[in-house]
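In order, the protein sequences belong to chains A and B. Here the working numbering is used: the first residue of the first sequence is 37, the next is one more, and so on. Here the working numbering is used: the first residue of the second sequence is 3, the next is one more, and so on.
Treat the hints loosely; a few may be bogus.
[What the hints assert, rightly or not] DEER-style ranges, computed between Cβ atoms:
id, chain 1, residue 1, chain 2, residue 2, range
1, A, N354, B, H20, 56 to 62 Å
2, A, I327, B, V150, 52 to 58 Å
3, A, V161, B, Q111, 29 to 35 Å
4, A, P266, B, D330, 28 to 34 Å
5, A, R269, B, R115, 20 to 26 Å
6, A, P266, B, V150, 41 to 47 Å
7, B, S149, A, G218, 51 to 57 Å
8, B, Q111, A, V94, 38 to 44 Å
9, B, M69, A, I239, 57 to 63 Å
[Unchecked claim] Which residues of chain B face chain A? A partial, calculated answer using Cβ under 8 Å:
id, residue
10, K55
11, L118
12, D333
13, A361
14, P364
Don't read these hints as lab results, they were simulated from the structure. Even glycine gets a Cβ: it sits at the ideal position worked out from N, Cα and C.
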Amino acid sequence: MKDTVKPIDKTDKAQGNGEERLSILQRFRMSALDLATQLAAGGALIIVFLYLSFASPVFLTFNNLFNIVAQTTVTAVIAIGMTFVIVTAGIDLSVGSTAALAGVLGVTLILHGMSWPLAVVCGAVIGAVVGLVNGLLITVARLSPFITTLGMMSVARGVLYIVTGAVAVYGVSDDFGLLGQGIIGSIPIPLIILVVVAVLAHIILSRTRLGRYTYAIGSNIEAARLSGIPIGRYLTVIYVLQGLLAGFAGMIASSRVTSGQPNFGVGLELDVIAAVVVGGASLFGGQGTIIGTLIGAFLIALIRNGSVLLGINIFYQNVIIGVVIWVAVFWDQFRRRRLMTSAS
Amino acid sequence: MPLSEQAPLIQLQGISKHFPGVLAVDDVSMDIYPGEVHVVAGENGAGKSTLMKLLSQVEYPTRGTVMLNGQPVHFSGPRHAQSLGIAMVYQEFALAPHLSIAQNMFLGQEPTRLGLIERGTEVRQARELLKRVGLNINPRRVVSDLSVAEQQMVEIAKALAVDAKLVIMDEPTATLTGHEIEELFTVIRRLTERGIAILYISHRLDEIFRIADRVTVMRDGKVVATLPREEIDEPKLIRLMVGRELENLYPKPETIIGDVMLRVEGITRANILHNCSFEVRAGEILGFAGLVGAGRTELARAVFGADHIDAGTVWLNGRRIRIRRPTDAIDHGIGYLTEDRKKNGLAMNLGVDQNITLANLPMMAGFIDLGKEKRIALRERDQLRIRTPSVRQKVQFLSGGTQQKVVVARWLETKAQVLFFDEPTRGIDVGAKAEMFELIGALAQEGRAIVIISSYLPELLNMCDRILVMWEGRVVGSIPRQQFSEERIIALATGAKEVEAL
Chain A
37 MKDTVKPIDK TDKAQGNGEE RLSILQRFRM SALDLATQLA AGGALIIVFL YLSFASPVFL
97 TFNNLFNIVA QTTVTAVIAI GMTFVIVTAG IDLSVGSTAA LAGVLGVTLI LHGMSWPLAV
157 VCGAVIGAVV GLVNGLLITV ARLSPFITTL GMMSVARGVL YIVTGAVAVY GVSDDFGLLG
217 QGIIGSIPIP LIILVVVAVL AHIILSRTRL GRYTYAIGSN IEAARLSGIP IGRYLTVIYV
277 LQGLLAGFAG MIASSRVTSG QPNFGVGLEL DVIAAVVVGG ASLFGGQGTI IGTLIGAFLI
337 ALIRNGSVLL GINIFYQNVI IGVVIWVAVF WDQFRRRRLM TSAS
Chain B
3 MPLSEQAPLI QLQGISKHFP GVLAVDDVSM DIYPGEVHVV AGENGAGKST LMKLLSQVEY
63 PTRGTVMLNG QPVHFSGPRH AQSLGIAMVY QEFALAPHLS IAQNMFLGQE PTRLGLIERG
123 TEVRQARELL KRVGLNINPR RVVSDLSVAE QQMVEIAKAL AVDAKLVIMD EPTATLTGHE
183 IEELFTVIRR LTERGIAILY ISHRLDEIFR IADRVTVMRD GKVVATLPRE EIDEPKLIRL
243 MVGRELENLY PKPETIIGDV MLRVEGITRA NILHNCSFEV RAGEILGFAG LVGAGRTELA
303 RAVFGADHID AGTVWLNGRR IRIRRPTDAI DHGIGYLTED RKKNGLAMNL GVDQNITLAN
363 LPMMAGFIDL GKEKRIALRE RDQLRIRTPS VRQKVQFLSG GTQQKVVVAR WLETKAQVLF
423 FDEPTRGIDV GAKAEMFELI GALAQEGRAI VIISSYLPEL LNMCDRILVM WEGRVVGSIP
483 RQQFSEERII ALATGAKEVE AL
């Protein structure tokens, strides 16, 4: 009796059958509040962009825009990984240390004669190994993601200092700089990298089982378990992916200064988490998108860049960023409450 | 076709399930035939839900075999059960609220091509299955937007998505309204016509008689009887469900019942409590009986000020009092011992002494009077016989019964005159239970008014002077000790219509 799922009806008769019509929002399988958050963040991004275009003569110059893109690529690539982690209701505090570890070890490999593209791959793999340890501690030793990655933040940084003696690694050839500073035509290579990573991540998150289960785990882990999803395996893969992207981003960061800096990325995890949260992801899991994260990352980057261009004291930047995080999350919760009450 | 001429779809043979200290399912054998609605009935804790979890492979049996179409079933988790065509509709819905209907329905078995999920196929198949359960909504909608009834239909459609031959429903009507229940029954009939077997857990008598082809009654983990619908009526079913002899484990203390101490009138909370009134006298032990979800805990919490109420008044010793929050209740000498001691009752990391004085700290000149705190703790320890190596011991290291006494001690320190005990014996062993009831009896003898909420009826029958029965947020009966009858209370608590016949 294999008739439960009928052969697929090629003509989509939904509308003809009198099935309820969906609004544009529902068509995109996005609840109104997700869109509202993204519109708000996206709108803020556009407003800040336009404002800076008029307020600063330097802002729209190629050099400045290039700088913003190159800076943001490092944060955004890690934030893309963090989107997966946060959608599962997890967190990864170790990404800054992981990026530094991979970035410095990768540069060291080049100094030992490895070709730089291979070293970039190795850097990413080093990050993935760190992510694997995180994943196993979370799923096998059953430590909370916060504690696991808090520990790893310290361990990875410590290992890096032990290996390098806390001294920066210089002396690689300028070829390596291509990754973080290169230009093809008039398009910065970091931008190309970011677009490729973002498109791949978007497809994974929206079109593959890995992505689907990422949402399912964060939305209702019990439902995921009862549906027979091997949760531990998927969570581990997600932390490996986060480590991989952090390692890769660490190599981009090293390439920008053609050296390995042991102090790179201290506090970076907070910028990354801020980007994801401003982009509409919930720390309680179940929601978040790659496009939102990109908007969040660029919004924060523009605010930092604009503050510099407009001569705002650097200390005020931090205050502004903090307030933006509050406003973004408050807006999200406000919308959510409103929708909840209007629905019932 | 009569059932006896068919081959059974599923046969349970001598299935047992041990949990630490409990035999939840005890040597159960039963058959389930294709196309039948097989109801499993029984009191709270009779082992129904555990049995369902065994079938859906959320739990593995300690002993016994399950046969599917004559073949023994290998146990390896819920996914395997699904692949065999055994699907479960959970009481608390196991849906991911952020995902769409279609995504939920195919969770764990998405149609993919080249690693990508075929979303079009997913939606089309989901639409087909939704139609089969009579739900004409777009499968792209997010689950959190759906009503409870719609979510349940999605759960059932999800069961169909795994090509289920057996659909298990665990009290599916618990959260549905009358009209929605009718729709559910229509869907169930439609499924059985296709040869799908339904295993339906319920303790609502009216439903059992409407929907069942056969009924299996469970009690204390055992199957008492499996009977076709025609061979049972309400009184018989209740007798089978109750069945046991009343043991006199908990001697009723002799108390002098005085004046009305607490009087509650017309407490109403939208959709949860409907015009509930009761009174309890000094020295009286009043029991709240009813099914899980009948509103017993909610009523106690409403009196205690823990939940907002829409209407109702509370009178203490003849004076009307206003209780807006628990602090008000405590100030008036009303105490509430929560059902879940770990979650609401005790600070597990603090010592016995600190827990006892938590609601009423002895202060001196703005500082906690540590000497007095210790004296209070020692006095309570001796009076209630709290077994602890030291009053400074953290309560997390104490047994369940001892923890319960610490909570009682705290309320005695607030000079509480009215005490609500919510499931006071849950999770504590038999010896501790007897001691707990002795303590409750002593508190009543001292002239306090006591209310006990318990799902274990024999406890109430033994201990109480009077039993209040609740059903669906209403007080449906108040029975004095001389008229106690287990059958009658169960009938009231399950909403039976033929109460007078008993």
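Evaluation of the provided hints:
For the pair N354/A and H20/B, the supplied restraint of 56 to 62 Å holds, since their beta-carbon distance comes to about 58 Å. The hint said 52 to 58 Å for the Cβ distance between I327/A and V150/B, and at roughly 32 Å that hint is violated. Distance hint check: the CB atoms of V161/A and Q111/B are about 32 Å apart, consistent with the given range 29 to 35 Å. Checked against the hint of 28 to 34 Å, the C-beta distance between P266/A and D330/B comes to roughly 51 Å, which is inconsistent with it.
Here the CB-CB span from R269/A to R115/B is close to 22 Å, well matched to the stated 20 to 26 Å. The beta-carbon spacing between P266/A and V150/B, approximately 30 Å, falls outside the hinted interval of 41 to 47 Å. Hint check: S149/B to G218/A, Cβ distance near 55 Å, so the stated range 51 to 57 Å holds. Between Q111/B and V94/A the C-beta distance comes to about 55 Å, which lies outside the given range of 38 to 44 Å.
Between M69/B and I239/A, the C-beta spacing of about 45 Å breaks the proposed range 57 to 63 Å. With 8 Å as the threshold, the beta carbon of K55/B stays out of range of chain A, its nearest partner Cβ sitting at about 10 Å, so the hint is violated. With its C-beta approaching chain A no nearer than about 5 Å, L118/B sits inside the 8 Å limit, and its interface hint holds. Interface hint status for D333/B: violated, as the beta-carbon distance to the closest one in chain A is roughly 33 Å, over 8 Å.
The beta carbon of A361/B comes no nearer than 32 Å to any beta carbon in chain A, farther than 8 Å, and the hint placing it at the interface is violated. Against a cut-off of 8 Å between C-beta atoms, the interface hint on P364/B is violated, since the closest Cβ of chain A lies about 38 Å away.
Hints 2, 4, 6, 8, 9, 10, 12, 13, 14 from the list above are not met by this structure, while the remaining hints are.
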